[in-house]
Amino acid sequence: MKATVHVTLKNGVLDPQGKAVRNALGALGFDGVKGVRQGKFIELDLVETDPATARENLDAMCRQLLANTVIENYSIEILE
Amino acid sequence: MKATVHVTLKNGVLDPQGKAVRNALGALGFDGVKGVRQGKFIELDLVETDPATARENLDAMCRQLLANTVIENYSIEILE
Amino acid sequence: MKAAVIVFPGSNCDRDVKVALEQSIGGPVSMVWHRDTDLPPVDLIVIPGGFSYGDYLRSGAMGAHSPIMKEVAARARRGVPVLGICNGFQILTEAGLLPGVLMPNAGLKFVCKDVYLRIGQANTVFTRLYRPDQVIRLPIAHHDGNYFADAETCKALEDEGRIAMRYCSPDGEITEDANPNGSLGNIAGVLSANRTVLGLMPHPERLAEAALGGADGRAMFDGLVEALAA
Amino acid sequence: MSETSPEPRQITPDIIARHGLTGEEYAKILDILGREPNITELGIFSVMWSEHCSYKSSKKWLKTLPTEAPWVICGPGENAGIIDIGDGQAAIFKMESHNHPSFIEPYQGAATGVGGILRDVFTMGARPVANLNALRFGDPGHGKTRHLVAGVVAGIGGYGNCVGVPTVGGECTFHGAYNGNILVNAMTVGIADTDNIFYSQASGVGNAIVYVGSKTGRDGIHGATMASTEFNQDSEEKRPTVQVGDPFTEKLLIEACMELMATDAIVAIQDMGAAGLTSSSFEMASKGDLGVELDLDRVPQREEGMTAYEIMLSESQERMLMVLRPGAEDMARSVFEKWELDFAIIGVLTDTGRMVLTMGGERAADLPINPLAEASPEYDRPWTPTPASPPAAAIPPGDDGPPLESLKRLLGCPDLASKRWVWEQYDHMVMADTVHRPGGDAAVVRVHGTAKALAMTSDCTPRYCLADPVEGGRQAVAEAWRNLTAVGARPLAITDCMNFGNPEKPEIMGQFVGAIEGMRDACRALEFPVVSGNVSLYNETQGKAIPPTPTIGGVGLLEDLALAVNLAFAGEGQDLILIGETKGHLGQSLYLCQALGSETGPPPPVDLKAERGNGDFIRAMIGGGRITACHDIADGGLLVAVAEMALAGNIGARVTAPAATPDNRDPRLYAGWLFGEDQGRYLVTTTDGDSLLGEAGKAGVPAAKIGVTGGGAIELDGQRMTIDELRDANERWLPEYMAGP
Ligand SMILES: Nc1ncnc2c1ncn2[C@@H]1O[C@H](COP(=O)(O)OP(=O)(O)O)[C@@H](O)[C@H]1O
Ligand SMILES: [Mg+2]
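Chains as they are written, first to last, in our numbering: chain H, 1 to 80; chain V, 81 to 160; chain Y, 161 to 390; chain G, 391 to 1131.
Don't take every hint at face value.
Claimed, not checked - Which bits of chain V does chain Y cover? Going by a derived footprint, with three or more residues having C-beta under 8 Å, they are:
1. 92-106
2. 135-147
Unchecked claim - Restricting the straight-line Cα-Cα distance to at most 25 Å, the calculated cross-link-like pairs of lysine-lysine (BS3-like) are:
3. K269/Y to K534/G
4. K82/V to K10/H
5. K114/V to K2/H
6. K2/H to K40/H
Treat the hints as calculated values from the structure; they're not laboratory data. Even glycine gets a Cβ: it sits at the ideal position worked out from N, Cα and C.
Build out the structure end to end from the sequences listed, making use of the hints.
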C-alpha cells in the first residue's frame, strides 16, 4: 500500500527557504509570485493493507519522526 | 491563484534521505515500511489568474530553478 | 596574472581563496559582485565556497542563475580557466558548465575534516604541479558533496580523463571507507571536456600555508600562476 | 485576512500575573504612569522588568565581579565586552544561553542562539571570527538525549556554517541532572579596530531611528503567548513561540552592517535580541537620556494584522536598530538594499525622555523612559550557603582494577569521549585562520593578516560546582585560564554564562552567590576580568534544578602564533614533565564516578597562588621555545592527560609512578596519583628535561619527570596498552551512541 505525507510549516513560522526561492524567482524575472512556502513530500510503501490501520500508523510516524510538530503540520493520504 | 509543485527524485537516483527515514522508522519499531522516498513540496501564490498561463510559467520555473532535471522530476498542480 | 573571484551574497570562502591566490600571484586579485554583468579581462575565474544564496532549495541552484554566470559561461567557452570550489563546484554543475550534481551527503550531515585525495588528471592548468596518482591532503566542509551523474556521463568522465581527483585512503586506495559523502566512484573533482573548468569539493585554499597545518593546496595556485602568467 | 487580535481593554490581576509581574511591581507601574497601563504598555514593562532584561535577582552579585584591567576597553553593560589586543585592534566577545528554546526545538533553538550571539558581537563593529559552544545534555540513557544532541549540534552547525564563522571549540558533557533542562551556551569572538567600535547609546535629537534586517513576525512572543490564550483561542497557531533562524539573512546583515560601519553614518546601533524592538529602542534612548517616537506602521511586517503589542514584543531574528547621522539615510538605505535587506526609518529621537508609539494614527503607548529604567526591580534574594560535602567514598581494596583498563574506560566515558562527531559537523576552518582546530585545550585563531593569534576556550565542571559552588566557580575560571596558558597564550579576560535554577529558592540563590564568590577570587588572582556575560535562571523541571553551571568563556592572546604549542606529543624520546603539585585528590573525580558510580567528596581545591605561578612558568617556557607539547590536567587526571597527548600525536609514552613499588602501594594513593584531579597542573614534553626541571626549581614551581615519549603504546609500571586500543575507546562512543535508535 502506498501513502504520501505532506509536511508543511505552520502558519506564522518563518520560512527562510520559501523566502529565498521567492526572491530567486523574482531575480529570474518571474515577478508574479506573491509568496512561496516550502515543505516536504514523503512517499511511503507499506506492508499494511488495511487503510484505517495504515493511516493510524502513519499518524504515529508523523508525530514521532516525519514532522516536527512544534513548527510543522502534516497531512496523510492513502493512495492504495 | 495558488499552485503546488512536487519535486521528486527520479527512479534510480539514490535517496539517502529516504533511506535514513526508513531506517529511523524501523528503529522506532515501525517495521512494515518497505520504502521511503523524500521530495519537496512547494506552495506558490501567484498573481496570474489564467490557469494555462500559470501552468506555463510554473513549468519554466521548475525547469530553471525549482527542480534539477538531471536527478529530479516535477509535477505541477493548479489549485485555483 | 589576473584572477577574479566571484562574490555571491552568501559566499564565505571568497576572502580565503583571494588570500591564497594572492600568495601565489604576488599581486592583487579582483573581487566581482555576482550582480555585475561585466567581468574584467582575466586569466582565471574562481567561484568560491559558501552558501551563495543560502542554498536552501538546492546548493548552487540560485547562484547558477545570477547575472554574472552568463559571462562566466561565455569566458569558459572561450577557454578561460574556471575553478569552482565547494559551493563553486555546486554552482558550476547547476549552471551546466560541469556534468552531474552534488546531492546531500550520504550521512546527511555536514562534514568538516581533512581528507586524502588521489590526483586523477595532472595534465591541466590546475593540477600540473601534482603528479598523477599523487596523494594529497585537503579539508572538506560541506553538506552536499555527494557527486552523482548517470552511468553514461560517468563513463565519459572516466574515459576522457576528466576525473581530477578522488577521495582515497592515506596510502592512495580508493575505498568506501575513504569516501566521506557517498560520491559515485569517490569522485571529488571533475573537469570539463577541454579541461579548463574544474569543480572540486575539497578546499585547496584552506591548506595553502604551513601555519594552518599543511600546504598541499598551494601547488594548485602556484601551478595556475605558472601556467597562466603570460 | 486583516483581522487584528482583539485585545483586552481591562488589565486584570490575571493578565498581570501572566506577564510575570508581581502585585508590587504592578503598583510601581501605576505609580510611574499615574494611570493604568494599556496592554502594550504592560507588555513593555513586563519584558523590561523580566529577569532576562533586568537581571533583578543577579544584579547585586554581578556587580561584585572584577571587570577592569589595563587592557579592558569596555566591560559589562554593552552588547559584548571589549579588550585591547594591540596594534589598534580589539577582541569583542560574549556568551549567551539558549537553553529553553533548544529543549523545545533543538535545531532552531540552538541555531537562533548562535544567531543572537553573533549579532551581539557584530553590532559593536567587530567581524565575528570564531564561535564556541558549551553543551550540557542529560543522561545518554534518557529517552530524549540523543534527539537533543542531534538537533542541537545540527542547528549550531547549520547556522554558523552558513554564516561563515568557524566554530572552533566548546564543551559537550552529559549528566542526568540536565535530563529535563539541557544547556546550550553559545559564544562569539570578533575583531574590530579600536577606533571604529560602535555603542548603543543614542544621541542627537531629531536623528532617525532605522530598522534593518528581516521583517517582524509573531515569533517568540513570550509573555504574549500566555497572555493571549485568554483573548484569542487560535493564538497558539498564530503566534509560534519557536523562532526560526535564517543564517543567510544574518550573513547579509553582517556584510551590510560592516559596509555601513566603514562610513560615518551610524551614531548608535543595537541588535534586537530578546524582547526585540522594545528593549533595543528603550536601551538606546535610556543610555542617551533621550526619548523616542516610533511609528509602528512603518515597521516591516511579515504578517498581516499585527498589533502594537505583537510588534513591540516579537523576537523575530536577524534584525537591528540604528540611529543615523542626519543626511546619511539615503546612503545607508542603498547599502541595505544592495544586500536585499529591509530598511525602514521607523522613528526619531526626541528630547522628551518618553517612549511614544503610534499605530494606525493612534497612540499605542506613552511611557517615561528613565523612571521605568530606574525603577527596574533589583532583589536581594535570601540565600543559604551550600553545606560542605562529606568526604569522598573510599575505594575498597581491589575495586580499582588495572589502571590501564580504568584509563580505557575513562577515555570512553561520555564526558571524556572524543567529541569529533560534534565538531566535524561544524565548519571550524572557514575564514582560513584556524591554527589549532578543536580537540586541544584552547582553539587558536590567527588575527587575520598578522602573526598574532587569539586563543579561546569554554570551561566549567558542574560536578564541582554542585558539591561546592565557591570552589567550582573558582575552578571554572582557573581552568579557562589554564587552557589558554597551555597553548602559550596570555589570558586576557572572560565572558560568562551563569546557568542556575530558581533563584527564589534560598539554596539555589546560595549556589549563585557562592559561584560568584569563587569566580571573583579567581578573576582577581589571575588578573582575568569579566567583560561580558549572561544569566540564565529558572533552569528547572518539576522542581528539580540543574547543577549550578557557571560556564566561563576565556580569551587570550598569542603575540607570535609560531610559538603556540598544542597537546600532541611532538617526537619520540622526549621527557614528559609534570608541573604542579599532586596530592591525589579523588573527591568528585571522574574516576570515582566511573569506577564506583559515586559523585562524592569535596571538589579539588584551587590554590590560586600556585595556579598563577605554575601558569606563568608554563607560559614563559612556551614563549622561550623550551616546550614541545603542553596539556593541562583536567577531568580524568594525569593518566588521561598523558593518553590524550599520545592520541593527538600518535606517539606513545612510558610513564613511571613515583617511588613506591606497585605491590606495596595504597590503592587509594596510587589511584589518586593516576586519576586524581588536583588543580593547577600541566604535562609538558621537552627535549631537555633536566634543564626544564632546573628552570622550574629556580621559579619555585613543583616539577617532576614522570616518563618519556615513544612507541605505539602507553606503558605504565610494566603494563601496556596500545594507542590504537585507547583511540578506539575514545573515538567510538559518541558516533556509536548517535547511531542508535
Ligand atoms: N560542543 C563542542 N563544539 C566544539 N568543540 C568541542 C565541543 N565539545 C568539545 N569540543 C572540543 O573537544 C576538546 C575537548 O574538550 P574538553 O574535554 O572540554 O577540553 P578541556 O578539558 O581542555 O576543557 C576541546 O578542544 C573542545 O573545544
Ligand atoms: Mg584542557
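Do the hints match the structure? See the list:
{"no.": "1", "hint": "92-106", "result": "holds (count 5)"}
{"no.": "2", "hint": "135-147", "result": "holds (count 3)"}
{"no.": "3", "hint": "K269/Y to K534/G", "result": "20 Å, holds"}
{"no.": "4", "hint": "K82/V to K10/H", "result": "17 Å, holds"}
{"no.": "5", "hint": "K114/V to K2/H", "result": "10 Å, holds"}
{"no.": "6", "hint": "K2/H to K40/H", "result": "17 Å, holds"}
Every hint from the earlier list agrees with this structure, and none is contradicted.
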